[in-house]
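Q: Here are the chains, one letter per residue:
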Amino acid sequence: MPESAARSACAVALLLLLLRGVGASAAGLDDPADRMRVTELPNGLTVLTLVDPSTPVVSLQMWVKVGSKDEAYYTGLAHLFEHMMFRGTERLPPESHERLIEARGGQVNAFTSRDVTVFFADVAADALPLVIDLEAERLAHLRIEEETLASEREVVLEERRLRMEDQPDGRAFEALMALAFTAHPYRVPVIGWRSDVESVTVDVCRSFFRHYYAPNNLVIAVVGPFDEEATLAHIRLALGPLEPSEVIPRNPTKEPPQDGERRQVILFDLRSPILTAAWHAPPTGHPDAEALDVASLILSGGRSSRLYRRLVYEEQQALSAQGAYWELQEAGVFYALAAVRPDGDIERVANSLFGEIARLRDEPVTGEELAKAKRQIEVNLISGMDTSHDLAARIAQDYVSFGRVRPIEERLAAYRAVTAEDVQRVARTYLRDDDRSVVRVVRPPESAAGAR
Amino acid sequence: MRARARSLALLPFAAAALACAGPRPAWEKPPPPIAVGPVVPAERVHRTKLDNGLEVFVLEDHSLPSLEVGLAVPRGAGIESTEEAGIASLVVEVMKRGAGDRDALALARAVDELGATLSVSAGWDSASVSLRGLSEDRGRLFGILADVVRRPRLDPREIARARAEQLAELGQQDDDPGAIVSRTLARTIYPEHRYGLPQDGVPGTVTRLGPDAVREFYGRIFRPGEAIFFAVGDVTPEEAVERARVAFGDWKGGDPVAPGPDPPVRSPPARRVVVVDRPDLGQAQIGLGHDGLSRTDPERIPASLMNTVLGGGGFLSRLLSRVRADEGLTYSVGSGFDLRREPGPFIVRTFTRVPETGRVVGMVLEEIERIRTTRPPTLDELEAAKTLSAGRFVLALETPASIAGALVDLDIYGLPPDSLDTYRERIRAVSLADVARSAQQDLHPDRMAIVVVGPASDLVPLLEPFGRVEVVTLGGRPRPR
Chain A
1 MPESAARSAC AVALLLLLLR GVGASAAGLD DPADRMRVTE LPNGLTVLTL
51 VDPSTPVVSL QMWVKVGSKD EAYYTGLAHL FEHMMFRGTE RLPPESHERL
101 IEARGGQVNA FTSRDVTVFF ADVAADALPL VIDLEAERLA HLRIEEETLA
151 SEREVVLEER RLRMEDQPDG RAFEALMALA FTAHPYRVPV IGWRSDVESV
201 TVDVCRSFFR HYYAPNNLVI AVVGPFDEEA TLAHIRLALG PLEPSEVIPR
251 NPTKEPPQDG ERRQVILFDL RSPILTAAWH APPTGHPDAE ALDVASLILS
301 GGRSSRLYRR LVYEEQQALS AQGAYWELQE AGVFYALAAV RPDGDIERVA
351 NSLFGEIARL RDEPVTGEEL AKAKRQIEVN LISGMDTSHD LAARIAQDYV
401 SFGRVRPIEE RLAAYRAVTA EDVQRVARTY LRDDDRSVVR VVRPPESAAG
451 AR
Chain B
1001 MRARARSLAL LPFAAAALAC AGPRPAWEKP PPPIAVGPVV PAERVHRTKL
1051 DNGLEVFVLE DHSLPSLEVG LAVPRGAGIE STEEAGIASL VVEVMKRGAG
1101 DRDALALARA VDELGATLSV SAGWDSASVS LRGLSEDRGR LFGILADVVR
1151 RPRLDPREIA RARAEQLAEL GQQDDDPGAI VSRTLARTIY PEHRYGLPQD
1201 GVPGTVTRLG PDAVREFYGR IFRPGEAIFF AVGDVTPEEA VERARVAFGD
1251 WKGGDPVAPG PDPPVRSPPA RRVVVVDRPD LGQAQIGLGH DGLSRTDPER
1301 IPASLMNTVL GGGGFLSRLL SRVRADEGLT YSVGSGFDLR REPGPFIVRT
1351 FTRVPETGRV VGMVLEEIER IRTTRPPTLD ELEAAKTLSA GRFVLALETP
1401 ASIAGALVDL DIYGLPPDSL DTYRERIRAV SLADVARSAQ QDLHPDRMAI
1451 VVVGPASDLV PLLEPFGRVE VVTLGGRPRP R
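Top to bottom, those sequences are chains A and B. For what it's worth, my numbering labels the leading residue of the first sequence as 1, then goes sequentially. For what it's worth, my numbering labels the leading residue of the second sequence as 1001, then goes sequentially.
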């Protein structure tokens, strides 16, 4: 008797908990971005502030609206210049920027993409004034000298060897973009072609800095626990005197339509061959973006997705396989990537992968697949609000792309509206065989790797 | 509203610092003293123990409608014999491939339908299963977790598939020069010990792993007596504990876990220089190392601060300052102690263009020798290492999931549960003498393993000044010179 009583009491407790606990759900989500404040300085600088007292970390991110797409003459310049931003000012020796922030335990870094160059510092709240002063110092008084440029060029060339030249993945991706784009500067690798990086001069860097690192080409986002008024006052004082740029040059080139499949084979001494393909897709913010995201999750979101099931699990020819929509500002790309098993057959992988792309065009996806993909997107959007860094990146990226921040609810609604017909329509519109560029990285016939 | 880790916020300092941010740049002021005190939000942490010995740990956080539930055991690849190397990785992978009423595909579908992520992992000292999704699905999240932990099917067909994938991945690693350095360095430092083989094993051991071995090893490490269940996120402690009791309360344990192999001996006994021949590479991947410290070694805090000065502190460290910032010889160089249950390795990793390999190896050895002898850490360097470590620590505990992960980690190594709250005080207490002693005791440039991957014909003459050079193939076999 006591035992069964205990058990039923336990069951009742669980039932009560179940009934009480069902309240919290994704609907009616509190989106912290709703509390964001936009401040425009007279010199054109945009400052996004979002106070969040619940975290100990402040993230300050400076988004510069310049990427490899804006380069003329010297490819890799935007990225090399990102490095030069750490090489000292009139008052501070090289690397002081990182050292001063790291000495506070902060994380400081930067990255360059085809569209933007982003500098960030994630710090304890008490280090925010330091970060603001350091950003102001390098924007106003950066030193660009022959000696630091020479050593930084070597650092970047090592980064190039690491990521591109000695890595089959890097080689494949570099070749894929150069194949898919014949005219638009997206064809160029962000890190640049080796001979250009070797040739960049101090004068080229100085002119690049003047044109693009001006307040009217910057968005600064600050997220975390800080005094909003005091911080804005500090930013006005430190960054207000910067002079805007009168000319911000942009490349006018548009990609002409593709008129048939393009193929390239790269010989590389490797064990696991690579198959990758790209299709032209719309730029960021296009109404078809959500349907393309849903298509990519149906292809490779989780282990019940189509590409994993067929290429990795059933046919056992690939180690991984994915399809993804990559939004860029001026033109998008839908790409597929498969790592072929050392004992696998790359042509069989290609047939299966392109077969799955054809199936997206030929028949509507199932209701179950559609619901699953939307649920995965919902969970991803919600869990993306976890850190000051992620939140700052989200508001800055949206602001740079759209001049506003898209509320989570608006994004969820757009995904919820996607139908099976939409997925089939975008597959037919964009994922056409005659608009495909395909790169294979395979062993040379006399391969050492084959004998390894 | 995101309500979390309020006790971490350093708001009073922020206000004070902002008030005096004037024309005098903030970098002229020294960093504020290291704050001490608790970092774990005690009011939101709940711990209990079930009758079968299972620890239950809940970190309540209602800021987002999401929930992670998981279970960790304090054993992993470190208790494997060298003959069964790779079995822990294989076991957790197979657990993901069918459990309870569901086969591999049905389980994948059940997880994907929730938009959830099912993660399994096996490290040297622990193995874990966790599931992240929305809190409104918590009933199903608990159910799937219990199936995967307690009722994995361990189906022989899935074992064969997972083993073939593990072998294929080992083959794919031959395409990554960095991975070749890591595994060759391990083999050179620990020629006799399990730590000398990669966590995922090598083709020779993985090929032999079959269904019997998988079942036996699963039973050896997954048992309630030493396990810890954790729930982080949008759930009340009462509900989480009750659900854990329903899911795991009648889980029976077996005998205590057998201890792993003996600790590694001091190694290598003398310097060894090994080149792995990849004639096609333009960049030499470089690794140096020897045996190091265990996760529970009382010297680990002084050693970590000493290492921050040497190579673990980004541009504040001597290695990155010299090899990258001053000389432009690399994009990255760093050092660190890999703390495991038994002493794991101390490792320096970098890379450079092939002709500069000798210079870079020489610089690394020279900096290690200097910090031990002629240039021990200075007071300024030690203070910077301390503020860096204390600051990184706070940043690393930004989210409830990261706090929970750090607390589970303490449990795995049997370290005091208040270790996070006392960490910054322990950092503050380290003296110059402590870090100088650590440099002398814990760094051994005279008996380091030096491993370089790249074109042997170019590399051998560059490396001969450091010792007799052994050239091996990718598989580790000696190649005649």
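Quick caveat, the hints were computed from the structure, so don't treat them as lab data. For each residue, glycine too, the CB sits at the ideal point set by N, CA and C. Please note: incorrect hints may appear among the correct ones.
Per the computed footprint, the stretches of chain A lying under chain B, defined by three or more beta-carbons under 8 Å from a beta-carbon of chain B, are [said to hold, decoys possible]:
no.	stretch
1	93-107
2	184-195
3	291-305
4	333-342
5	346-360
6	397-411
Sample of chain A residues with no beta-carbon within 10 Å of chain B, all distances over it, derived [as the list claims (entries may be wrong)]:
no.	residue
7	Ala175
8	Glu243
9	Asp259
10	Gln316
11	Pro364
12	Arg375
13	Asn380
Q: With reference to the structure, classify each hint as holding or not holding.
A: Structure-based check of each hint:
A stretch counts as covered by a chain when three or more of its residues have a beta carbon under 8 Å from one of that chain; for the stretch 93-107 of chain A and chain B the count is 12, and the coverage holds. Using a Cβ-Cβ cut-off of 8 Å, 0 residues of the stretch 184-195 of chain A lie near chain B, which falls short of the minimum of three, so the contact claim is violated. Counting residues of the stretch 291-305 of chain A whose beta-carbon sits less than 8 Å from any beta-carbon of chain B gives 5, enough to reach three: the coverage restraint holds. Judged by the Cβ-Cβ criterion of 8 Å, the stretch 333-342 of chain A is covered by chain B as claimed, because 3 of its residues qualify and three suffice.
Counting residues of the stretch 346-360 of chain A whose C-beta sits closer than 8 Å to any C-beta of chain B gives 0, which falls short of three, so the coverage hint is violated. Here the stretch 397-411 of chain A counts 0 residues with a CB under 8 Å from a CB of chain B, which misses the bar of 3, and the coverage is violated. Every CB of chain B lies more than 10 Å from the CB of Ala175(A), the least distance being 16 Å, so the non-interface label holds. Consistency note on Glu243(A): stated as away from chain B, and its beta-carbon is indeed over 10 Å from all of that chain's, at 19 Å minimum.
Here Asp259(A) stays apart from chain B, with its beta-carbon at least about 34 Å from theirs, past the 10 Å limit. The non-interface label for Gln316(A) is inconsistent with chain B: the shortest C-beta to C-beta separation is roughly 6 Å, within 10 Å. Listed as outside the interface, Pro364(A) is consistent with that label: its C-beta sits roughly 19 Å from the nearest C-beta of chain B, beyond the 10 Å cut-off. The Cβ of Arg375(A) does not lie farther than 10 Å from every Cβ of chain B; its closest approach is about 4 Å, which violates its non-interface assignment.
Under the 10 Å C-beta cut-off, the non-interface status given to Asn380(A) relative to chain B is violated; the minimum distance is some 8 Å.
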